[in-house]
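Student: All chains, full assembly: derive it from the sequences and hints.
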Amino acid sequence: MLQFARFTATRAVLAVLTLLLVSFIVFTLMELVPGDCAERYIAFKNTQGAVITVADIEAERIRLGLDKPYLERWVKWVWGAFQGDFGDSCILRLNIAQLLGDKFKISLGLSLAALVFAYLIAIPVGIYAAVSKNRVVNNILRLVSYLGLALPNFLLALIIMLFATVYFHNSLTGLFSKEFRDAAWSWAKLVDFLKHAWLPVFILGWSATAFAIQTVRALMSDEIGKLYVTAAEARGVSGRRLLMRYPARHALAPIINSLGFDLNRIFNELPVVALILTLTEAGSLLIDALAKSNDQQLAGAIIFLLTGSIVAMNFITDILLAIMDPRVRKSILR
Amino acid sequence: MTRLLDVENLTLQFDTDEGRITAVDDVSFTLEQGEVMGLVGESGSGKSVTAKSLMRLNAANAHYSDETRVTLHLEDGPVDVMALKGARALQVVRGGAISMIFQEPMASFAPAITIGDQMVEQLLIHTDMSKARAREVSIEMLERVGIADAAQRFGQYAFELSGGMRQRAMIAMALSTRPKLLIADEPTTALDVTIQAQVIDLMKDLVKEFHMGIIFITHDLGVIAQTADKIAVMYLGRLIEQGPVREVIRNPGHPYTRGLIAALPDLEDLDKPLTPVPGDIPSPLERPTGCVFHTRCTEKVGDICAREVPRFTDVTAGHRAACHIYGQQGGGK
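If you're matching them up, the sequences are chains E and Y in order.
Be aware that the first sequence starts at 1, since it is given in the numbering used here, and climbs by one per residue.
Be aware that the second sequence starts at 1, since it is given in the numbering used here, and climbs by one per residue.
These aren't lab readings, by the way, just hints derived from the structure by calculation.
Idealized CB from N, CA, C, for every residue including glycine.
Treat each hint with caution, since some may be false.
[Unchecked claim] Calculated lysine to any residue pairs in the SDA-like style (CA-CA distance at most 25 Å, straight line):
1) E:Lys-226 with Y:Arg-88
2) E:Lys-133 with Y:Asp-192
3) E:Lys-292 with E:Lys-133
4) E:Lys-226 with Y:Asp-192
5) Y:Lys-131 with E:Ser-238
6) E:Lys-103 with E:Leu-290
7) E:Lys-292 with E:Ala-312
[As the list claims (entries may be wrong)] Looking from chain Y toward chain E, a few residues come up when the C-beta cut is under 8 Å (computed):
8) Ala-83
9) Ala-110
10) Gln-122
11) Ala-225
12) Pro-288
Tutor: Written out as C-alpha cells, the structure reads:
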C-alpha cells in the first residue's frame, strides 16, 4: 500500500514535470509567432483609425512586460497558468480566464461524455462481436462500424439537423435555450444544457464508438485465442465467468492505455461539430485565435488547458493500469 | 487392472474456409487406472486434438463423427463424454475427473490473476470446499510438488516464478482436484533439460501416489521410454502403432515408427549421420488415400497401400501395428 502511494506520488510529480515541459513548448510556440502582443494590439488599433508611433509600441511593450527576458516571462506565465490565470487576451483586452468562462469545461465535458458514451457501447458490443459466431450479426456490426468510421462528423451533424428541422421544426443547435444563455448555473440551466448536449455528444461519440468497437473486438479476439483461456476452460471455468475474468479482463489494460489518445482525438473533432451546431466552446475559440485573430495569448491558454487535461487523463489511466495489471504494478514498484 | 478410459472410433473434423479437415481419423485405444500412455507423433499428427477431445475442449468448428465413443469409467459409473451437454455437465471432464497441463506453463496461467486465485477457483468449481479450505489445499499441493515458500507463491503471479516452478505450480493445480486422468501435453518441451528431468521425476512420483491414468503427449521418445507403460504412435490423425513401451521401441512394427526411432541421434556414435523420415507431412487438405503414410513410406508393399486403409495386426501379443506388410500373410514379418 505504501509502495502504491509512492508510485502514485511519483506519477503525479512526473505529470507536473510533463506539464511544465509542455508549457515551455507552448510558450515558445507563442513567441515564435512573428510580432508580439504589443505590435498586434497597436496594429489592430491602427486599422480602427488611431495614429500610432513607434514610441507607442515601445510603451505598450513595457506595460505588458514584454521587454523582460524570455525565461522570466515564461516563469511568470507558468506561475499564472497553474493558478488558472492566463493574463489578458492580446486583441480583446479581456482577462482570458473570464473570456473562456465555462467554455473549456464545456468542451472537456462534451469530449469526456463522448468518450464514456463510446466505450459504454463499444465494450459490450466489441466483446460480443469477438465472441459471437453469428456471421450475420458480425457483418452488420462491421458495416455499422465502417459507416461510423467513414461518415464524417460534420455530415452526420448536417443530416440530423436537416431531419430535425424538417420534421420537428427544431434545428437542435446551440447548447442553451435563449433564456438560460447568460444566466448563472442552476438546476434548470443544467437540465436545459443536458437537453442540448446529447446531440454533440452523440455525434462526437459516433465515430469514436465505431473506432472503439474495432479496437475492443481486435483486442478481445486476440485474448480469446490465448492458451490461458483454454487452460481455464480445461479447469471447468465456463460461460460469463470465463469470458469476463479471463479474456475481457486482460483486454481491458490496452483499452485503458489508449483513453488519453482517444480524448485528444475527440477534442480535435469538436470544433467542426461546434461550428455546425453553433456551440460556444473552447475548440472553436482556439481555431479562431490561431487562424483569424492571431491572439497568441488566448491560443496558448487553450492549448495549455487541453494538454493539461490529456496529461491528467494519462495520469489517471496510469494509476488504473497499475491497479488492473500486476505486471505494470510490479515493474514500476521494483 | 481396472479400465479407466475407452476411446472408440474417435473421428474429428474441423470446418474451415478451405473445407472440412480431418484431424483425427478413427482412433481407438484404452487406458487402465494408474497406467501411463505415451502419445507420440510429429506436430500436426493430431495428438493434442485427440487428447483435447477427451475433455471436449476443441474449437467450436470441431465435429465428432456419430461413431465416436469416449467412455470414462468413474466410481459412480461410466460417463459418456460425447453425450455431455452444457458447461455444467462438462465440468466432470474439465478439471473434475480429467485435468490437463500444457506445454507453455507461462502462457497457461492468466497473467493478471494470482496463481492462488486460479487454484482456488478450480477447487470451488469442483468441490464444496470453503474458500479458506481451498486455500489450504492449494498451498499443500504447491508444497507437495516441491515449491518452497508455497504460501508466498500462492499470492504471486506466473511471471514472478521461474519456468520450472511454473510447471510445478501447473501440475499442483491440475492435481488439486484429484483427477483420475491427467493429460500432459508436452509438459517438459518448453523447459531446460535439467528442469525437464526434475519435472519428469516429480510426475513419476505423483503417478504412484495419486494412482491416476496419464496420457503423456510428446515427440520425445526418450521421455516416453522413461515414463510410460505403453505407447501409441499417431500419424496424420491415425493411430498406426500401439503396444508396451519397451517392446515398441525395441521392435517397432510400423515403418513410420521405425523411421522415428532411426531419426534419434545416437549418443554412442556421434559421427553417424542422422536419418530423418523422408518427405514432409502432407497438408491436411490433401490426405492420402489408403494408408496415410504411403506417400513417405520406404517399405511399400504395392498398390494396396494407396488403395486400402490397413487394419491393426498383432506384431507380438499386445503390440499392434496398422500396416499392409502384415496384412497379406496374416501377421509376422
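Student: Each hint should be assessed against the structure and marked as holding or not.
Tutor: Each hint, compared with the structure:
Under the criterion of a C-alpha separation no larger than 25 Å, the hint pairing Lys-226 of chain E with Arg-88 of chain Y is consistent with the structure, at around 23 Å. Simply put, Lys-133 of chain E and Asp-192 of chain Y have alpha-carbon atoms about 40 Å apart, too far for the 25 Å limit, and the pair is violated. The suggested pairing of Lys-292 of chain E with Lys-133 of chain E is violated, with an alpha-carbon distance near 53 Å, which exceeds 25 Å. Simply put, Lys-226 of chain E and Asp-192 of chain Y have alpha-carbon atoms about 23 Å apart, close enough for the 25 Å limit, and the pair holds.
Proximity of Lys-131 of chain Y to Ser-238 of chain E is assessed by CA-CA distance (about 19 Å); at most 25 Å being required, the pair is judged to hold. Of the supplied pair hints, the one linking Lys-103 of chain E and Leu-290 of chain E holds, its CA atoms being roughly 17 Å apart against a limit of 25 Å. Distance restraint check for Lys-292 of chain E and Ala-312 of chain E: the Cα-Cα separation of roughly 30 Å exceeds the 25 Å cut-off, and the hinted pair is therefore not satisfied. At its closest, the beta carbon of Ala-83 of chain Y sits 18 Å from a beta carbon of chain E; the interface hint therefore is violated under the 8 Å criterion.
At a threshold of 8 Å, the smallest CB-CB gap from Ala-110 of chain Y to chain E is about 4 Å, leaving the interface hint in force. With a least beta-carbon distance of about 4 Å to chain E, the hint placing Gln-122 of chain Y at the interface is held under the 8 Å criterion. The beta carbon of Ala-225 of chain Y is not positioned within 8 Å of any beta carbon in chain E (closest approach about 27 Å), and the interface hint is therefore violated. For Pro-288 of chain Y, the suggested interface contact is broken, since its CB lies about 30 Å from the closest CB of chain E, more than 8 Å.
Hint check: violations occur at hints 2, 3, 7, 8, 11 and 12; the rest are consistent with the structure.
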